Structure formats: C-alpha cells, structure tokens
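What follows is the residue order along each chain.
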Amino acid sequence: MNFSKLSKNIGLEEEEYIELFELFVETGMEDLNKLWFAIDIASTEKVASIAHSLKGASLNLGLNEFQEIAEAIGKTARDGQLEKTAQLAKTLQEKLDNVAGVVGC
Amino acid sequence: MKKILVVDNHSMILKFMSDLLEKEGHQVLTASDGLSALEILKTNIPDVIFADLIMPNIDGKKLCRIVRRIPKLKDVFIVILSAIAAEEEPRLDDYGADVCIAKGPFNKMAEHVLMALELSDAEPTQRLKGRIIGRKELFKREITKELLASKKHFEATLNNISEGILELTSELKIVYVNPAALSIIGIPEENLLSSDFTKLFNEKHQKTIIDSLKNPGNKQRIISPEAAVELNNKQITLNVIPIKENEHNPILVILKDVTQRKQMEAQLQHAQRMEAIGTLAAGVAHEINNPISGVMGYAEILKDRYQKQGRNDDIPNKIIKEAERIAEIVKSLLSFAWGWQEESSPAYLKDIISNTLKMIKGRIAKDGIKLSVDVPDNLPDIKAHSHEIQQVFLNILSNAHYGLNQRFPKSNQNKSLEIESETIKLEDQNYVRTTFYDNGAGIPKNILNKICDPFFSTKPPGYGTGLGLSISHGIIYNHGGKLLFESVEGEYTKVMVDLPAIG
Chain X
-7 MNFSKLSKNI
3 GLEEEEYIEL
13 FELFVETGME
23 DLNKLWFAID
33 IASTEKVASI
43 AHSLKGASLN
53 LGLNEFQEIA
63 EAIGKTARDG
73 QLEKTAQLAK
83 TLQEKLDNVA
93 GVVGC
Chain B
5 MKKILVVDNH
15 SMILKFMSDL
25 LEKEGHQVLT
35 ASDGLSALEI
45 LKTNIPDVIF
55 ADLIMPNIDG
65 KKLCRIVRRI
75 PKLKDVFIVI
85 LSAIAAEEEP
95 RLDDYGADVC
105 IAKGPFNKMA
115 EHVLMALELS
125 DAEPTQRLKG
135 RIIGRKELFK
145 REITKELLAS
155 KKHFEATLNN
165 ISEGILELTS
175 ELKIVYVNPA
185 ALSIIGIPEE
195 NLLSSDFTKL
205 FNEKHQKTII
215 DSLKNPGNKQ
225 RIISPEAAVE
235 LNNKQITLNV
245 IPIKENEHNP
255 ILVILKDVTQ
265 RKQMEAQLQH
275 AQRMEAIGTL
285 AAGVAHEINN
295 PISGVMGYAE
305 ILKDRYQKQG
315 RNDDIPNKII
325 KEAERIAEIV
335 KSLLSFAWGW
345 QEESSPAYLK
355 DIISNTLKMI
365 KGRIAKDGIK
375 LSVDVPDNLP
385 DIKAHSHEIQ
395 QVFLNILSNA
405 HYGLNQRFPK
415 SNQNKSLEIE
425 SETIKLEDQN
435 YVRTTFYDNG
445 AGIPKNILNK
455 ICDPFFSTKP
465 PGYGTGLGLS
475 ISHGIIYNHG
485 GKLLFESVEG
495 EYTKVMVDLP
505 AIG
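As you go down the protein sequences, you meet chains X and B in turn. Heads up: the first sequence is residues -7 to 97, going by this note's numbering. Heads up: the second sequence is residues 5 to 507, going by this note's numbering.
None of these hints come from the bench; they were simulated from the model. If you're wondering where the values come from, they're calculated on a predicted model, not measured in any experiment. Watch out, some of these pointers could steer you wrong.
[As the list claims (entries may be wrong)] Within a straight-line C-alpha distance of at most 25 Å, the following computed DSS-like cross-link-like pairs (lysine-lysine) qualify:
#: 1; chain 1: X; residue 1: 38; chain 2: B; residue 2: 208
#: 2; chain 1: X; residue 1: 87; chain 2: X; residue 2: 76
#: 3; chain 1: X; residue 1: 82; chain 2: X; residue 2: 26
#: 4; chain 1: B; residue 1: 19; chain 2: X; residue 2: -3
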C-alpha cells in the first residue's frame, strides 16, 4: 500500500489517512463477517446492503480496487449468483487480511 | 466556534468528521445512530447536526423530523450525509433538513462539509433550503436503486397495514412505529421514539409486557385477546417477535386493537346472562304468584270475619296491601322475562320524550336541575310500544335525577341534565339514538356491568326495587335496540338508547 500517494489523492496527512484506514480495515472485517453470514443464509438483500456499505467506505478513502470488488459483490448477489458472490467475498477477505497485516490490525 | 453533532453508524466517517471539524476549532459530539443522538440532544443544543441517512435504530430522515418538532432545536442547521444522493434525490423539505452532502472521496467531502458550515452562518430565515452539494461526484448505482425500491415497497406495506408495528431495541426502546401503531397508542411519533415501550402501559400490565418481551428462549410470544392488556383506553393484543441478528437483537411487536371485539363479546355474554336470568325470573314469579293469591285470599277471609265480629282491626288490610306490593314486583319481573308479545306501531320519538318529560319536569325543576333537550324534528319514526319506551326513559331520568341530587344536594350551576337525539348508522341499519347525559354521582366501574341485573340497586331501601333498569333493558332488547352505559364515578353518566328506525 502506498499510503503517501493515497493520502495525497484524498487531501489528508499520511498519518491521518492511516488512522482512517485502520478504521476502514476494522469495520471492513466486521462487514465481511456479516457478509459471510448473509451469503450462508442466501439473503441477497443483506449482501447487497453490506456491499453498499463497504463500497461507500472504499470510495471515501479512494480505494478503487476495494470499491470495484464491493460493487461486484452487490451486483452478483442481486443477480442471484451467490457462488460468484462468495468467490468475490473471498478475494476481498484476502485483500483485507493483507492490508490488515500492513497496518497491524 | 460551533457546537456540532455528527451522527453516523460508520466509525471511519465519525473519525474523519471529528478530525476535520475539530481542526477548524469546533466542538464535536458524535453518535452512532439516531437513538444515541436523541439522548445527546436531551442535554445539548448544537448549532449544526450532520446526520447519515441510513442508520440502525432511527434513521436520518426520522431523526430530522423529530429534531424539527422539538421547539428548542427548530433552528438547528441540519446537514444530511447521503451515500444515495445519486440514486434518490433526497426530499430535504419533507424531513426538515437544510442541506445534503453526497458522501464521496474524503477530499471532496471535506470541501463540502466546510461549505455547508458557511451556509449555516446565515440567519434561519435567510437559509437556502434543500440544496444538495457534491452530487456530481457520484455515479448512479443500479444496485442501490434496486435496494431503495425494495425498501419503498416495505415502507408502503408497513404504512398501510391495519396492525400496529413497532421495533424495539434489546433495551426495549422504541425505534420504529408505523402509522397504525401511532393511532393505537395516541402519542406523537417524536415523543414515542426513543422512549421505553413498557412505560406505555399502566403498572398493572407492565409485568406481563416485560415478561413477554424479555424471554430467555428468544421465542415468539403472544398476548391473546383473552389476556388483552390496556393501552390508551383500548384493549390490545401483542405478538412479540425477537429478531436474531449479529450484533443488534431488535424485537418486533405487532399490536392489534381488539376493543370492539371484546365489547361485542361482553354484550353477547350480557345478553345471554339476561336471557338466563329472565327464564329464572319467569319461574320464580310463577312460583310466588300462587302462594301470594293464597295469602291475599286468606287475608280477605280474615277481613270478613273481623267485620262480622265487629272488630275494627286494620291488619287484614295491611296484609292485602303488602301482598299487592309483592304481586306488583312479580308483575314487573314477568314483564322483564316475557319480552315482546304485542304488535308494535310506528312512533315518533319526540312525542315520547315530550310525554315523559311532562311527568318528571316538575321534580327536576324543583331540585334546581338545568335541563336541556335537543331533539330534531326530522328524526325518522321508530317501531315501538310508546308507553314502554316512555317507561324506559322515565327510569333513566329518575336515575339521573337521583344521581344529580346525590352529587349536588342543593342548587349548583353544574347540576345539569342533557337529552339529545340523532340518527346513526350501525351495521347498515339506521337507528335513532337518544342520549341522556347527567353530571351526577356517576356509577362505580366495578358495578357498571351489574346495573341491569334484576334487584341490583345502589339506592337505600324504599328508593327502588332494583328492577327499573333490568326491565328497561328487556324492553329495549325486545325492540331490537341497545341500551348502553358510560360513566365515570363522581363525574358523569351517559345512557344511550338506540332504537331501530323505520325505513
């Protein structure tokens, strides 16, 4: 993660950005737990709603890659393709785990 | 420096907003949902509120509406933070917000937040309402649009369903009420939201409510019509449905107003009881009539003997007089028990009332009772035995007269009796309703359902047989009508006589 570039893009000090990013990872992990539960019970409405929240937070921090995955999660769920949704959720999980390691969450 | 409240369920947004606003020298308060925001607003009056639109436990729209209804907060500048501004243009005027900021990248959001703060400096009357800032940075998202559409469908269902629906937090605070629930409870939404659900009920029912809400098995609980609880003078059944979610465990409560059903059941029970008492009364009357004839016959023999013996003794006459009294009571009992036997004919209610009043007007005036009569000329005819209806009215008026003298032994400006007639429609049938309203001593709640029982009387011995209202009930019932009572002890009594109209 290039925090220097990301924080510059979003007009924040790097330190401030990292603090917000930590919160993004923390709430993102919680959202992911809820997402897995919603996928398990095949609640497409719930999946779409959680994906919407993840996408919003990614947009706030200018994290385009996360934003795109979250958007795809919502779309596949609404289309009833929950297998694809689960694959995308797994990708998002891996990416979050990776960045969690970077910021020490 | 401004005092600013930020309400959002995302901790990242709260942190971003706090940092940004504190850096600008403002005092920042934060809340993670509408319910916590209302708690903060109990003791704080902020200059500006930034509120997210979609939140658990009272969303942004509802929070704005409540804030606008609280007089001390009516001039607070409200800014909506919306992530759905691109899909659904927020109708800010509808919920009283001043400006809306579309959520987006933080650098853009920071600019818009500061712009909104500048707008808040204007006088409340000069403020530009309904402005959406930063919408062009957002792109329409079809999924969100679909989500919003489905939310609208649910909202339309909840708004139009006849059952009252509430959502409570696990601490039993109200966070959602649909219009039907508002009408059952009779308290404005702004006062209801964030309040304790159990406090809506009187102490007698609170334990039942708490037991059904706080059940460890997390099972659905029902308070059935048989055990209905009282809420806002209505009989209510409850269906309590705990919802299991990851973090919040809200409780859904479905309220049903069963007052009318309970009243109908009570009326039916009462009618059945009256019928049973009537059968019993007829039997008793028959059994008493025979020995009374004997007593009277023997008293006559005794009277003859005394006359022949030249004894001037009044005892046989006293026996005959008392026996006649018994016979009179028995006759009254039979008229309660027999029901309708003769043919009725069309009658004009105004004449019946006027004839009844002729008999009692003098006594009413003598005791200083103000009488007002409002009986329109255009009332439809009723099919009735006029003298029987007159007997009913006379009974009601005598009771009102007695009750008024009880409460006001001397003259008093509030000592009044009102008679009113009108045409009403009940289950597709026209009735003429005559209401007798007196503000006399009233009837205690615990005996209200007994006053039509034969021989039930609250008057001292010698003032009544206790048959007046039971006979009246029988007469009205046999006319196909209804005799209804409403009373508050120490305040008033209202007697309504509904008689079927012809045509």
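Here's how the hints hold up against the structure:
Annotation: proposed proximity of residue 38 of chain X to residue 208 of chain B is violated, straight-line Cα distance about 40 Å (limit 25 Å). Annotation: proposed proximity of residue 87 of chain X to residue 76 of chain X holds, straight-line Cα distance about 17 Å (limit 25 Å). Distance check on the hinted pair: residue 82 of chain X and residue 26 of chain X sit about 13 Å apart at the alpha-carbon level, within 25 Å; holds. Of the pairs offered as hints, the one joining residue 19 of chain B and residue -3 of chain X holds, with about 21 Å between alpha carbons and a cut-off of 25 Å not exceeded.
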